[in-house]
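Asks: Letter by letter, the chains look like this.
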Amino acid sequence: MTFTGLIGRTFLFPLRLIINACVAMRIHPNVLTFVGVLVNVAAAVELARGHFIRGGVIMVLANIFDFIDGKVAIELNAVSAFGGFWDSVIDRFSDIALFLGLIYLYSHLGRTDYVMVASIAMMFVIMTSYTRARAESLIKKCKVGFMERPERIVLFMIGAFTNRMAAVLWVIGVLSVFTVADRIIYTYRELRSTEQAVV
Amino acid sequence: MTNPATLPMRVLWNAFFWTYERATWQYDLMVIAILAFVWLTPPAWLGDPMASGNGPIGWILKMLNADF
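So the protein sequences, as listed, match chains W and A.
When we follow the numbering used here, the leftmost residue of the first sequence carries the number 1, and every step to the right adds one.
When we follow the numbering used here, the leftmost residue of the second sequence carries the number 1, and every step to the right adds one.
Excised from the complex, chain W in its bound form:
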């Protein structure tokens, strides 16, 4: 087993207990999704105030909601097309909120360079989601590129808990540029092969 697989399995056990509790209380998954974004906004406020550890702890809490909503939907038999759409939209708000917290902090510190780094990273994070959504309206699947939401969230937490947010922003920014490029290249290739098959 790989070490990232082992970490995933380790964290799955406590999450399983939370999922079971939510299922027992019959909490609607869309409510969990919405609570997740509210908690993420609270994390963003802490980041904006420069309280990284507190922000990190709140981020952990927010992402529990983020992680379990889909699983609860399956267990409650409440999977719906709107639920998937709602989840994706709310996830974008959560992403943007965290970046806005950092942009506020860096602008408050007078660090225009890092305001730009965070803004450009935010732009490519949004484009990462957009390219996949748009590509999947044309081709069956477009799941290439490394920097997806789970990777971003874990990196944000690492940056907050170890006070290495600047390095994390560079990693998220650069790898998100690559991910967007990967998705454009992949979609181009897929569409071209489909067109050639037709001709």
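Please note: incorrect hints may appear among the correct ones.
Residues from chain W that keep clear of chain A, each with C-beta distances beyond 12 angstroms, as calculated [as the list claims (entries may be wrong)]:
hint : residue
1    : A21
2    : G70
3    : S137
Below are the EDC-like pairs computed for lysine to aspartate or glutamate, each with C-alpha atoms no more than 20 angstroms apart in a straight line [claimed, not checked]:
hint : chain 1 : residue 1 : chain 2 : residue 2
4    : W       : K140      : W       : E190
5    : W       : K143      : A       : D28
6    : W       : K140      : A       : E21
7    : W       : K140      : A       : D28
8    : W       : K71       : W       : D87
9    : W       : K143      : W       : E190
10   : W       : K143      : W       : E75
11   : W       : K141      : W       : D87
12   : W       : K141      : A       : D28
13   : W       : K141      : W       : E190
14   : W       : K140      : W       : E195
15   : W       : K71       : W       : E46
Hint data in this document are derived by calculation from the structure and do not stem from the laboratory.
Just so it is clear, CB atoms sit at the ideal spot from N, CA and C, and this is done for glycine as well.
Starting from the known structure of chain W, arrange chain A on it as the hints suggest.
Replies: Leaving out everything else, chain A in the frame of chain W:
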């Protein structure tokens, strides 16, 4: 047989054009590289607005300088 001279280019291309799943050895390797960058790069090199100091690389360099 593939040309060994093209191996570094293929590795770079595969790292850039990422198609591996999570929990594969390639994914683990990428995670290690990212964590090494985040934790080992001295915050001062990146001009980190919130962290200061030279980090682990700085300590090693300082120790090496002290020895010689």
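Asks: Hint by hint, note whether the structure agrees.
Replies: Each hint, compared with the structure:
1. A21: holds, 26 angstroms
2. G70: Holds, because the least Cβ-Cβ distance between G70(W) and chain A comes to about 16 angstroms, which exceeds 12 angstroms.
3. S137: Holds: least Cβ distance 21 angstroms, greater than 12 angstroms.
4. K140(W) - E190(W): It holds: about 9 angstroms lies between the C-alpha atoms, which stays within 20 angstroms.
5. K143(W) - D28(A): holds, 18 angstroms
6. K140(W) - E21(A): Given that 20 angstroms is the threshold and the Cα spacing comes to 17 angstroms, the pair holds.
7. K140(W) - D28(A): Violated, at roughly 27 angstroms.
8. K71(W) - D87(W): Holds, because 12 angstroms separates the two Cα atoms, which is no more than 20 angstroms.
9. K143(W) - E190(W): Holds: K143(W) and E190(W) sit about 12 angstroms apart, inside 20 angstroms.
10. K143(W) - E75(W): Roughly 25 angstroms between the alpha carbons, so the hint for K143(W) and E75(W) is violated.
11. K141(W) - D87(W): Roughly 18 angstroms separates the two Cα atoms, so the pair holds.
12. K141(W) - D28(A): violated, 24 angstroms
13. K141(W) - E190(W): holds, 10 angstroms
14. K140(W) - E195(W): holds, 14 angstroms
15. K71(W) - E46(W): Judged against 20 angstroms, a Cα distance of about 28 angstroms means the pair is violated.
In summary, the numbered hints that this structure violates are 7, 10, 12 and 15.
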